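Undergrad: The primary structure of each chain is shown beneath.
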Amino acid sequence: MRNQKRGKPPAGPSIVAGYRLLPGVPDEMIDAQGALRPGWAKLMAAFDTLGPTELAARFERADQYLRDAGVFYRTYDGTESKERDWPLAHVPLLISEADWARISAGLIQRAELLETVVADIYGDNTLVQQGLLPPELVARNSEFLRPLVGVRPTSGHFLHFCAFELGRGPDGSWWVLGDRTQAPSGAGFALENRVATTRALSDIYSDMNVQRLAGFFRGFRDTLFDDAKRDGGRVGILTPGQLNETYFEHAYIARYLGLMLLEGEDLVVEDGKVMVRTVSGLKQISALWRRMDASFVDPLELRYDSRIGTPGMVDALRHGSISMINALGTGLLETRALAAFLPRIARKLLGDDLLLPEIATWWCGQPGEQRHVLDHLDSMMIGPAFATNLPFEDQQNTRLGSDYSATDKQALRERILADGVNFVGQERVQLSTAPVYVDGQLQPRPISLRVYAARTSDGWTIMPGGFARVGSGADASAIAMQRGGQAADVWVMSSSPVERISLLPQDGQKLVRNSPGSLPSRAADNLIWLGRYAERCEATVRILRAYNARLAELSRPQMPLLLHCAAFLETIDVDAAEGMPTGLLAAIDSAVRSAGQIRDRFSPDGWLALNDLQKTALRFAKRVQPGDDSTRAMTVLLRKLAGFSGLVHENMYRFAGWRFLELGRRLERAVQMARTTAWMTRPEAPDGSVEMLLEIGDSVMTHRRRYSVAAGSQSAIDLLVLDPLNPRSVLFQLTELRAQIAKLPGGIEDGQLSQAGKAALRLHTDLRIVEPADMTPERLDRLAADIGILSSLVAAAYFV
Amino acid sequence: MLYDVRLSLNYDYKATVHGGRHLVRVSPISVPGVQRVVASSLSFEPRPQRESSFTDFFGNLATTVTFLDPHDSLEIRLTARVQVEDIVRPADLSPTLPELHQAIARYWSVEPNSPHHFLASSPRVPLDPAISRYAASATADAASVFSAANALCLAIHRDFAYDPKATDVQTLPSTVFALRKGVCQDFAHVMIAGLRGLGIPAGYVSGFLRTNPPPGKPRLEGADAMHAWVRAWCGQHLGWVEFDPTNAMVAGADHISIGHGRDYSDISPIVGVLKTHGSHETKQSVDVLRVE
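Respectively, the protein sequence lines represent chains A and B.
Residue numbering for the first sequence follows our numbering, starting at 1 and increasing by one per position.
Residue numbering for the second sequence follows our numbering, starting at 1 and increasing by one per position.
Misleading hints may appear alongside valid ones.
[What the hints assert, rightly or not] Residues from chain A shown here face chain B by an in silico Cβ test under 10 Å; the list is partial:
id : residue
1  : GLU54
2  : PRO135
3  : ASN141
4  : PRO147
5  : GLY150
6  : ARG303
7  : TYR304
8  : ILE308
9  : PHE386
10 : MET652
11 : PHE655
FYI, nobody ran anything at the bench for these hints, they're computed from the structure.
What you are looking at is a predicted structure, and each value in this text was computed from that prediction instead of being measured.
We put the CB at the ideal spot given by N, CA and C, even for glycine.
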């Protein structure tokens with residue numbers, strides 16, 4: 001419109017017409033002359049062709065994909081931690097092949113340099129002795145882990161996987177803003193960025209020669225497994241657990257690369273070897289991709305208060321029996337003040353300047369540098385010298401000198417003078433902008449690149465794109481996702497068509513099967529409990545539905561049948577007077593929590609179904625009244641539970657993991673059915689109890705068909721306890737339990753049944769020969785207790 | 001002086017322990033010119049399934065033991081014969097505080113004895129402004145680093161009461177300072193915080209005291225248990241000097257050291273991870289007898 005007013009025809013795609021650059025800030029899409037950079041013209045033209053409606057629909061498709069895949073990260077606001085949807089900025093960031101070549105070369109050089117530095121710090125310490133690295137930066141650094149001094153990594157290298165944060169400075173060149181060497185996160189999110197973005201823009205993507213990411217992961221995975229081969233080849237991801245902000249990613253990468261997802265308590269160190277507790281006993285693990293900060297890894301020699309570590313891990317590293325990615329202690333390289341010394345170290349060690357410049361840094365522990373910082377206080381970011389986060393992410397402790405009031409600035413000066421060792425001055429971070437799509441319009445937002453590097457047998461490789469961070473406003477400091485920033489896919493353009501790569505084995509490659517029997521005991525335990533809680537929810541919902549249906553009919557809670565039923569519910573901590581009882585909510589919550597521990601073991605669909613169940617239940621809790629209202633609510637929950645069970649059971653590979661889930665489900669159903677039948681067939685049970693029992697057991701129709709008599713205790717017990725064909729009967733559960741227990745690792749050895757196997761056989765046989773008349777309520781209660789003991793036998797054999 | 005040292009640490013568990021892994025640091029080490037370990041033997045009851053030793057960063061002897069079987073108690077026994085040199089301390093050649101800071105700035109090394117390791121907050125001794133102020137006023141008249149350290153050692157002995165009931169092994173120096181009460185470990189931590197607050201490198205020493213005093217001398221406080229004191233770096237010439245704030249003295253031939261670190265956490269007698277839910281009761285007994 002504006003162009004037309006000036007009488008010119010629209011120059012280029014109309015979607016760009018409203019894009020207003022920030023004054024003095026370089027932009028990724030528009031060059032200094034106001035023209036679209038290569039690649040962008042094509043992308044924008046494609047956006048134009050789609051038109052606003054279609055474009056919005058495409059972007060919604062990407063969001064829908066992320067929601068369906070269950071991609072989330074955690075945020076902390078004060079004390080509460082919450083799961084958030086992954087904030088995808090839909091417009092990919094385009095990087096030219098030439099830019100990328102410069103970035104790659106620079107980062108490979110930097111990774112090599114960092115390796116040399118960290119090897120020296122934990123080795124001969126020549127850098128300090130030669131005056132290239134101040135001793136304070138090592139000796140006063142909480143990331144300098146003394147127990148690791150002198151421990152050479154068994155792989156020969158400290159660094160295997162690093163990330164770098166890059167920004168484009170005002171002069172148009174890319175700068176390194178920070179190094180991530182401790183336990184870099186985000187590579188899995190980069191993959192998801194890519195998948196989601198290509199869902200939206202698949203036609204454009206395949207048209208633009210975008211470099212693929214899968215090859216990077218394949219190379220890294222192959223290196224991991226090649227290195228691990230000699231010791232049985234088990235490779236795991238060491239995660240702090242499901243409360244970690246990027247736990248989704250740990251589970252995702254574990255699934256994607258076929259690694260075991262392990263927590264500290266899954267591991268035990270024996271004879272200097274790291275073993276994983278699995279359902280088939282202890283199995284050696286030979287490489288760990290660590291996503292836990294190093295100091296938490298071993299409570300014996302590192303942080304004594306760590307509750308998530310593995311005692312003896314440092315000892316195992318000393319024995320050289322495990323490869324740690326990255327080595328413990330490499331977090332020291334993230335120290336902000338270290339950047340001040342890297343250019344000189346590079347010249348000395350590599351005989352070369354850094355190919356990629358880094359953010360200029362002055363450490364105030366030296367008199368000359370301290371003076372420089374004090375003289376230029378206003379234009380500098382002042383922060384803690386030993387911080388390991390990025391200056392523009394550290395709102396709390398890092399501020400521009402000019403942001404201080406006069407009094408505060410004087411106080412700051414005095415602190416820098418008195419305690420210079422702990423301060424660092426850095427030039428102000430300025431970032432370039434790139435377009436984001438907001439309310440149908442493109443707007444410039446500050447961006448930083450996160451680039452991943454992995455060591456393979458051929459040296460360092462750089463992941464070609466995948467992850468940029470985008471600010472929530474014009475301010476560069478708002479780029480952190482904890483504060484509303486977004487993530488965008490990064491497309492590295494290639495001048496020639498790219499090869500399609502996937503992680504599936506290619507023709508001519510050998511197919512490698514992971515060894516079975518490596519199910520960690522903790523995962524198996526959680527699977528059993530997930531099965532049990534889900535089944536417990538179902539049993540409770542069925543009883544509540546039967547109860548409330550009768551309450552709606554009679555609207556007299558004092559009726560004997562209702563009182564009898566309510567008394568039973570009380571034995572499982574459920575208050576029948578509540579429309580959506582707290583006890584049921586607790587059981588659902590327990591199921592979600594067990595599932596949360598084993599996100600890598602079942603499909604995202606199952607996880608979403610379970611979460612949906614919980615959300616619905618919580619919504620019901622706010623308004624559902626006992627009676628008709630509750631009856632309908634319970635029917636909804638029952639359907640959702642069935643949906644969850646179906647998704648999990650129909651889609652899970654019939655392996656040890658599925659077997660434990662199935663065991664949990666069968667154990668719980670057997671216990672619940674035995675107990676409910678006992679209660680409802682007691683001599684004092686009021687009229688209508690047996691009919692109610694049949695309804696709870698979902699067997700009213702079958703009963704009508706199989707018995708030509710009115711429902712009585714005998715026929716109900718026959719059908720719900722002793723019938724081998726009724727999938728709800730106790731006998732049916734025991735038949736399944738017997739079969740599954742025999743198939744567990746060690747289930748039958750030298751022809752002998754395991755303890756649990758024998759117990760299951762005994763219970764099964766008892767039920768096969770007993771007459772309905774002998775199945776008294778007392779005997780049914782004893783049966784429930786015996787099944788509980790069976791559950792303990794399984795736990796003792798596989799989880800201790 | 002030649003000593004025979006006997007240590008017994010007893011842990012009685014309230015609930016049966018189903019295995020565990022411990023890191024034990026109670027065996028004394030030889031330090032050239034200071035002490036020489038003639039013989040040393042460490043044993044455990046019950047016997048651990050695995051046992052191995054290594055030398056840690058600061059040069060201390062650490063022993064890892066693993067128990068796989070259930071047990072209700074654990075006893076750690078040490079017997080050692082140690083020759084302690086009676087050092088004749090040279091005259092106070094230590095620098096002034098500003099000179100010390102220059103000496104530290106010229107010290108381009110992070111070897112285990114480097115003063116740089118002993119200046120910042122450490123896990124059990126966070127720098128504490130109140131203790132720093134106390135240290136500054138206690139040492140206001142001191143002309144040298146040695147006399148400053150000595151003055152702080154005497155001040156702590158004067159101002160703090162020995163009271164085993166006032167604190168436990170986890171108590172932080174700030175609490176001890178507020179209470180003005182504690183035991184050897186607490187006084188050592190307060191003194192370390194004070195010295196570091198002044199910019200004097202300071203570390204923690206764990207060890208034993210001779211049980212029976214020489215004729216005519218009083219029995220030293222803390223002689224019936226493991227003891228702790230402080231080492232301070234008094235410049236290039238004097239090097240590390242050990243002070244015992246519990247007994248207001250420079251550590252000498254009565255002090256047999258096990259080892260040292262930045263604070264208690266680097267040289268605690270036992271670090272352990274147990275598979276149990278219960279608590280435990282600890283008893284320790286120490287005998288240090290002069291052989292000749």
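Undergrad: Against chain B, run the beta carbon of ASN141 of chain A and see if the smallest gap drops under 10 Å.
TA: holds (9 Å)
Undergrad: Holds or violated: PRO147 of chain A as interface residue toward chain B, Cβ cutoff 10 Å?
TA: Status holds, d = 6 Å.
Undergrad: Checking hints one by one. Is ILE308 of chain A an interface residue toward chain B, by the C-beta closer than 10 Å rule?
TA: violated (12 Å)
Undergrad: Could you check if ARG303 of chain A really has its C-beta closer than 10 Å to a C-beta on chain B?
TA: holds (8 Å)
Undergrad: Checking hints one by one. Is PRO135 of chain A an interface residue toward chain B, by the C-beta closer than 10 Å rule?
TA: holds (4 Å)
Undergrad: Does PHE386 of chain A pass the interface hint, meaning its C-beta sits closer than 10 Å to a C-beta of chain B?
TA: holds (9 Å)
Undergrad: Is the shortest C-beta separation between GLU54 of chain A and chain B less than 10 Å?
TA: violated (59 Å)
Undergrad: Hint check: is the beta carbon of PHE655 of chain A less than 10 Å from a beta carbon of chain B?
TA: violated (29 Å)
Undergrad: Is the hint on GLY150 of chain A kept, meaning its closest Cβ partner in chain B is under 10 Å away?
TA: Given a least distance of 8 Å, the restraint on GLY150 of chain A holds.
Undergrad: Quick one, is the MET652 of chain A hint okay against chain B at 10 Å, beta carbons?
TA: Not OK, violated: MET652 of chain A not within 10 Å of chain B, min 32 Å.
Undergrad: Should the hint that TYR304 of chain A touches chain B count as held when the rule is a Cβ pair under 10 Å?
TA: holds (6 Å)
Consistency with the previously given hints fails for numbers 1, 8, 10, 11, ordered from lowest to highest.
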